[in-house]
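These are the residues of each chain, in order.
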Amino acid sequence: MKCKNRVLNSKCAGEEKRVGTRTVFVGHRPVSETDAYVEQKFCDNRIVSSKYTVWNFLPKNLFEQFRRIANFYFLIIFLVQVIVDTPTSPVTSGLPLFFVIIVTAIKQGYEDWLRHRADKEVNKSSVFIVENAKQVKKHSEKIKVGDIVEVKADETFPCDLIFLASSNDDGICYVTTASLDGESNFKTHYAVRDTTGLQTDDDIDSLTATIECEQPQPDLYKFVGRINIYRSNQEPVARSLGPENLLLKGSTLKNTKKIYGVAVYTGMETKMALNYQGKSQKRSAVEKSINAFLVVYLCILVSKATVCTTLKYIWQSNPFNDEPWYNQKTIKERDTFKILRMFTDFLSFMVLFNFIIPVSMYVTVEMQKFLGSFFIAWDKEMYDEEIKEGALVNTSDLNEELGQVEYVFTDKTGTLTENSMKFIECCIDGHKYKDGISEVDGFSHTDGPLRYYGKAEKCREELFLRALCLCHTVQIKGGDNVDGLRVNQECWTYISSSPDEIALVKGAKKYGFTFLGHEADYMKVQNQKNEIEKYQLLHVLNFDPVRRRMSVIVKTSTGKFLLFCKGADSSIFPRVQQDEIQQTKVHVERNAMDGYRTLCVAFKELTQEDYKKINDQLSEAKMALQDREEKMARIFDDIEADMHLIGATAVEDRLQEHAAETIEALQTAGMKVWVLTGDKMETAKSTCYASRLFQTNTELLELTTKTMGDSDRKEERLHELLLEYHKKLLQDFPKNSGKLKRSWTVSQEYGLIIDGSTLSLILNPSQDSSSSNYKSIFLQICLKCTSVLCCRMAPLQKAQIVRMVKNTKGNPITLSIGDGANDVSMILEAHVGIGIKGKEGRQAARNSDYAVPKFKHLRKLLLAHGHLYYVRIAHLVQYFFYKNLCFILPQFLYQFFCGFSQQPLYDAAYLTMYNICFTSLPILAYSLLEQHINIETLTSDPRLYMKISDNAMLQWKPFLYWTFLGSFEGLVFFFGVYFLFQNSSLEHNGKVFGNWTFGTIVFTVLVFTVTLKLALDTRFWTWMNHFVIWGSLAFYVFFSFFWGGIIWPFLKQQRMYFVFAHMVTSVSTWLAIVLLIFISLSPEILLVVFKNAKRKNHQKKLSNRKASDSLSSRRSVRPLLLRTFSDESNV
Amino acid sequence: MAVNYNAKEEADGHPSGVGASGGAGKSRKPDNTAFKQQRLPAWQPILTAGTVLPAFFIIGLIFIPIGIGIFVTSNNIREYEIDYTGTDSSSPCNKCLNVSWNSTPPCTCTINFTLNQPFETNVFMYYGLSNFYQNHRRYVKSRDDSQLNGDNSSLLHPSKECEPYSTSENKPIAPCGAIANSMFNDTLELFRIDNETRIPITLNKKGIAWWTDKNVKFRNPSGNTNNLTALFQGTTKPVNWPKPVYMLDSEADNNGFINEDFIVWMRTAALPTFRKLYRLIERKNNLQPTLQAGKYSLDITYNYPVHSFDGRKRMILSTISWMGGKNPFLGIAYITVGSICFFLGVVLLVIHHKYGNRNTSADIPN
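Read top to bottom, the protein sequences are chains A and B.
Just so you know, we're using this note's numbering here: the first sequence kicks off at 1 and counts up by one.
Just so you know, we're using this note's numbering here: the second sequence kicks off at 1 and counts up by one.
None of these hints come from the bench; they were simulated from the model.
Hints should not be assumed to be uniformly reliable.
[Stated by the list, open to error] Simulated crosslink set (DSBU-like; lysine-lysine; CA at most 30 Å straight-line): (1) A:K1091 - B:K206; (2) A:K947 - B:K354; (3) B:K36 - A:K947; (4) B:K171 - A:K1052; (5) A:K1094 - B:K354; (6) B:K243 - A:K1052; (7) B:K237 - A:K329; (8) B:K243 - A:K388; (9) A:K329 - B:K243; (10) B:K206 - A:K380; (11) B:K36 - A:K282; (12) B:K160 - A:K107; (13) A:K1052 - B:K206; (14) B:K160 - A:K338; (15) A:K332 - B:K206; (16) A:K254 - B:K237; (17) B:K171 - A:K329; (18) A:K282 - B:K205; (19) A:K332 - B:K29; (20) B:K160 - A:K1052; (21) B:K243 - A:K332; (22) B:K171 - A:K388; (23) B:K160 - A:K329; (24) A:K1052 - B:K237.
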C-alpha cells in the first residue's frame, strides 16, 4: 500500500488536502518488514479555538475593531484632534472611543481566555494510548493519527476514531452525540467484524492494518473508508468503513465499558472542529437604514463644515475681523499657507460637529440587541413542557427583523404537523382494514386479541403484517431485551429515526404481529398464535430520497429468502406487477386526499442463486471507496424490481396544536405563507386546507405534473398555463398591485400549487430561447397569490425558492421555519431562519437564528416580540439621530456669532458626557422595556403587524420628521437663549453671565428636552423607566454642580467654575429654561394628541371589522376539510 | 412519505438508534418573574385630547400672568444708554476716535445727558462693547487659569495657550494672554449737574464680580510678603497695559489678579455685543432716589480703541429687578406662548368636544 498523501507535507488545513484519501497505519506499524515505515505528517490533536495569543492580542484585536467602519471613522476624528489644533480636546472624542474599544477588547479578551481555558482543558486531558501492548497515559493533544486509543465509559472521544473493538463481544458500542448535534438518544456504532475480538491491549497490539479514508470533511454523517487487515502470510482482508464505524470527537461513550479505536482525524481536522466554522452573518434591514441615515448625517456634517469654512474666509476677508488688535495670531499661525489653514479649519469644524454621529449609538444598539434577545429566551409562553425547553436565540442581530417579515416559508412535516404518526388503516389486496384503536404515543399497549376483517386471504394478511414487522429499522429500548427474555412488555419502547416506522410496527402489533427486537442477526416476531418466529436479517437496503423506498432481505426459518420493500406509491407501482396496482391505488389516493401519509408494501421471493448474486454485488459495492453511494443505488435498483404488491398503509400526521390559527394570524398580519414540503401533492394540499392556508373560496392554480401531463409537450403546456394564470391574476389585480399587496380586502384569493419537477422545469428550462421568461411570469404569479404550496421539493429547491423571492423587487424580508436537516438550506438562505426543536434532531435548530419548540410560537415571536423589537430599535435609532442633531445644531449656529472660530458652545465635559451619561440610559431602558401596545393586544390582533411593515418607522418620511423636530428644537434652544442674552445681566445683583453660562443654559434645556421627549414617547412606564429618566436628569444636575464646584487641578481652564450654580440662582434663567422646554415639546405633544385621536378612530373601525370577520371565517377544521374533498371529488 | 422521510434518517445519521430520551437534563423552564415575562407593572399614560387640551389651557392661563408680570417688571426698569464711541463728528469724543494705546496724555472727553426720570433703586453702571469678539476661540482660550489662581510656577512659565501674549522682552507676562492684554481701560466718571455745579457721584468698584471668582478662582501669587510688587517680580506687564498688574488699584484687596474690573473682563462674553458691569451706585437713603431726574455729565478717559474693528462703546445706567436687567424678550415670549396655548386650548377643546362625542364609545384601551 503506497502512501498517496504526498500533498500532506504541508501542515494542517489547506483545501487541496481534501481531495483524495489518506492512509493511516494502525499503531504506526508498517505493513511489512520490507516497506520502510514513513512517518506521515498530520496535524496534532491540539484544538485551537482561541483567536488570540498573549502576544498578538493587542494588535490583532485593535486591527479587527478598527476594521469596523464606524470605529475607524472615530479613530480618524480622534487623530485629527490630536494632530490639528482643534476646538475640542482629543479627550472629548477619544474617551468615548477608547471606552468602547476597551470594553469590546475586554469582552473579547475574556471570551478568548475562556476559549483558551476550554482548549487547555481539552488538550491537557489525559487519554490512554496503547503502545507496545502497554497503556501509556498522555495528554490529549499528543495523540497522533494512527495511535490506538482506549476510551472508557462516559468519556468523550478525544479525536475522530475508527472503532476497532469494544468490551462487548459483538463489537457494538453506544454513543450519544448530544454535544455535537443535541440529539440525546444513543446511537449504535459497529466495529469491523475482523477486529471485534481484539479486546485486550496485547491483542490490539498484534493488529497490523492500514486504513484508507477520505480527507477530513465537515459532514458529520458522511464517512467513506476501507480497512486492510494484514495477517501473517495471508492476503490482506479489506473491509469497508462507513459512518457507523467512525466515533466522532465530542460524542460520549455510553453503556459500554471501553473501546479501542484508532485515530484517523485529529485536532483541527476532526469533524467537530471543521463544523465549528462560523455561519455567514446576516444583516438586518434596520442596519441598512442606519447606514443610509449615517450617510445623510455625514453629508450634513460635511456641508456644515464646508459652509462654516467658506463663511469664515469670507468674514475674515475684512482685516479687522481676521486679526483685530486685541486678538492677534501666533507667528506659527501667520506663517502657515492659506490652503493648509483652510484645510485645518475644515477639519476643525468636522471635529466640532462630529458629535452628530455618535459613537455611543453603536454601543447602545449592540447592547439593546444583546440584552433584548434575552426576553425571547425568557418567555415562558414559548416554553414547551413536552421537550422541557423554551425558545433559543442563536443571534441577536436579527431581533427587529422578526417584525418585518413578509414571506413565511414553512416546512410541513414536523413544523405544521406534529410528526408523531398514528397508524390509521391499511389495505391488503384492495381490502380495507380499519379500526378505531387509539394509543398513547411512546407506549404500546396490547389490547388483547384483535378482531380483524377477514376480507383478504389469510396468508396474504399474514404476509403483509410480517412485512410490516420486518421491513424497518426500528430498535427496542428498555427491558432486558438483549438476552431475548421477555421481561416486561409494558416498559418497551420502540426507537427509530423515523416516526412512521414506529407507527407501522405498532400498527402491525394491533393486528397480532409483534416485533420483539433483534437477537444477533435475527429478528424476532411474535405472531397471532403467540409463537415466536425468527428471521435472519441479511441486508437492509436503506432509505434514500431518490429511491423513496427501503427494503430488507431476510431468511426465514424454513430457508426461504424474502425481500420486503416499502415506499412511496410512485416508487413502488412501477416495480410491481401492473395488474395488482389498480385495487390498491384507489385506496392510496383516497388516503392521500384525507391527508394521510401512505406507503405501499411489496415483496418478492428470492432463490438461493439470486441471493448469492445480490450478496456478492452488495459486498463489492460496500467495499468501494469511490462513488460508493452511486454503485449501491444502482444495485438497489436492480434488486427492487419485479415485486408483488401486497398492500398499503395510511399513517396520520396530526397538525400541531394551533397551527391553523397561527397561519391564519400570520396571513391576517399581511404575511404570505408558503408551504414547502417534500411530501406528495395530495397530502400536502389537504394539510394546507386543514391548516387554513387555503380557504374554501381560494381558487387554486395548479402547476404540477398532473396538469402538465406526461407528454413531450410539457414545456408548451407549462407556457400556456403560466400565461393563462398570469392573465387571470392581472385582471383581478389592477395596476396598483403594490398597494394591494398588504391589504386584506382582496376580493378573490388565489392559491398556487407547484411541484418540484415543474419548478425545475421553470427554473432550469431545457431550451433557453422562448422559455427564459418563465421565471419572471412565474414569479409574478407567485407574488399575487395569497398562499403558495410547493410540494415534492428537494432541500436545495426550497432554498432556491427562498432565494428567488428574496431577490425580487423591493427585497421582501423572508422567514424560513423548519425542523429537519432538509430545511437547513432554506433556513440559512432566508433573512430570518427559525428552527423547530422537533423530533428530527437538532440540525435545523443549530443552524437557525432562532429556535422555538412549536410552530404556534411563531405567532408570539413575530407578532409580539418582532413587533416590539422593531418599534424599539427603530425608535432608538431615530431618537439617537434626533438628539444629536439638536445637540450640535446650536453649536453650529453659534459659529455665526463667534466669527466662525470653531468656539465650542458647550464645555468639554458636557460634550463628552452628553451621549455617554446624560441621555444614554433612558433610551436604553426604553428600547428594552417599551410596549407601545400590550403584548396581549399585539398577539391577538395580527393586523397591528401591518402598521410597521416595509420598515415603516425607518423610512425617509419619519426620518425627515425626526430631523425636522431636531432642527426645530435646536433652533429654539439657541435663539431662545440668544434673545435672553441680549442683556446678559440676568442675576438680581446685576452681575453678568459669560459665554459658558450661555452654553450651559442651552445644554440644560437640551438635556431636559430630549429626556422629556423620550418620556412623552414612553407608553410603558415601569419603575425602571422612572428610575433612569428622572435619575438621568438628577444626575445631570448633580454632576453639573459637582463639576463646577471644584477647581480641577488637571484642567487647563476652569471655565465651568460655579457657572451652573450661578445659573440656577437666576430667576430669569429658570423662566427661560421652562419656556424653551415647553416650546420645544409642544408641537410634539399636539402631534401625539392628533395621532391618538386618529388611532382611536382607526381602532374603532378595526374592531368592527374584526368582529364581522371572525363571524365569517372561524369555522371548525373538520367540516371544512370534508366539504372541500366532497367538492373536489365531484369535479 | 417522501423526501422528508429521508431527512429524518440523515439527521440522525445512523439508521439504528438505540435511544433513550435524555430526560435527566435540568429543567430550563424560564423563571416566571414579571421582569422576564415583560409584565412589570407599568403606568401606561396616553396623551389624549381630553387630557392634553385642558393642560394647554391651564398652561396658557399660567403663562400669560407670568408674562405680564415679567413684562411689567422689565418695563419698570430704568435704563439709560450713551454711545460714546465718537464716530459721529458732532460727538464730543470724536477727537479721541483714533486714540492709540499709549497716547500720553490720555484723551478725555465729557458727554452731558439728561435723565428724564429718576432711578429709584440701586443703579448699576455698565460699559458695553459691540462687534468685539470676546468669544473668538483664539481669544477665549488665551489665558492661563492656574496663573490667575496664584500658582507661582505658572506665573513665571505661562501656558503656551497665551501665545502670542505670553512673553514680552524675554519676561513672562502676568497676566498672560489675549484677554488680559485687551482689558477694557476707559475710565468713566459720573457727575450730577446741579445748578452748574458738578457733584461727583460715588461709583462703587467692589462687588461687581462673582464672589467665587474673586475669592477662589482668582488669587494673587502666594509668598511670605504682602508686597504685590515683590510677588510679581520677574514678570512683566501685558503689552497694552500702561501699568503692571500690581498697580491696578490702590487697595490691596482689589489689586493684582483679584482686581474686580479685571475679573469681570476675564469672564468672556457670549456674544459680540455685550455689556459688563462697571460700577455700582448705591442708594444712599430711602428719601432720595439714587439718581434724580436731571442733568448729568459723563467724563471719559478715552483709552480703548474700537474704531479699528468698527466697534462701539456704550455706557449704560440701569436699575435691576429680581429678574436682572431690562429684558423685554422673556415677558413677550411668555405672553405670546401663553396666548397661543390658551387659544389652541380653547379652539381644540371646542373641536374635540364636537368630534369627541362621536367616538367616545370606541374607547378601546391599548
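Right, here's what the structure says about each hint:
1. A:K1091 - B:K206: 58 Å, violated
2. A:K947 - B:K354: Holds, because 28 Å separates the two Cα atoms, which is no more than 30 Å.
3. B:K36 - A:K947: 26 Å, holds
4. B:K171 - A:K1052: At roughly 21 Å apart (the allowed maximum being 30 Å), A:K1052 and B:K171 satisfy the hint.
5. A:K1094 - B:K354: 15 Å, holds
6. B:K243 - A:K1052: 27 Å, holds
7. B:K237 - A:K329: Holds, because 19 Å separates the two Cα atoms, which is no more than 30 Å.
8. B:K243 - A:K388: 88 Å, violated
9. A:K329 - B:K243: Between A:K329 and B:K243 the Cα gap is close to 24 Å, so the pair holds against 30 Å.
10. B:K206 - A:K380: 72 Å, violated
11. B:K36 - A:K282: The given pair, whose Cα atoms are some 27 Å apart, holds under the 30 Å limit.
12. B:K160 - A:K107: Violated, at about 41 Å.
13. A:K1052 - B:K206: Holds. A:K1052 to B:K206 sits at ~28 Å (cutoff 30 Å).
14. B:K160 - A:K338: 23 Å, holds
15. A:K332 - B:K206: This hinted pair is violated, its Cα atoms lying about 40 Å apart.
16. A:K254 - B:K237: At roughly 92 Å apart (the allowed maximum being 30 Å), B:K237 and A:K254 break the hint.
17. B:K171 - A:K329: At roughly 20 Å apart (the allowed maximum being 30 Å), A:K329 and B:K171 satisfy the hint.
18. A:K282 - B:K205: Judged against 30 Å, a Cα distance of about 71 Å means the pair is violated.
19. A:K332 - B:K29: 70 Å, violated
20. B:K160 - A:K1052: Holds. B:K160 to A:K1052 sits at ~11 Å (cutoff 30 Å).
21. B:K243 - A:K332: 29 Å, holds
22. B:K171 - A:K388: 83 Å, violated
23. B:K160 - A:K329: Since the Cα atoms of B:K160 and A:K329 sit roughly 13 Å apart, the hinted pair holds (cutoff 30 Å).
24. A:K1052 - B:K237: Measuring from Cα to Cα gives roughly 22 Å; hence the hint holds.
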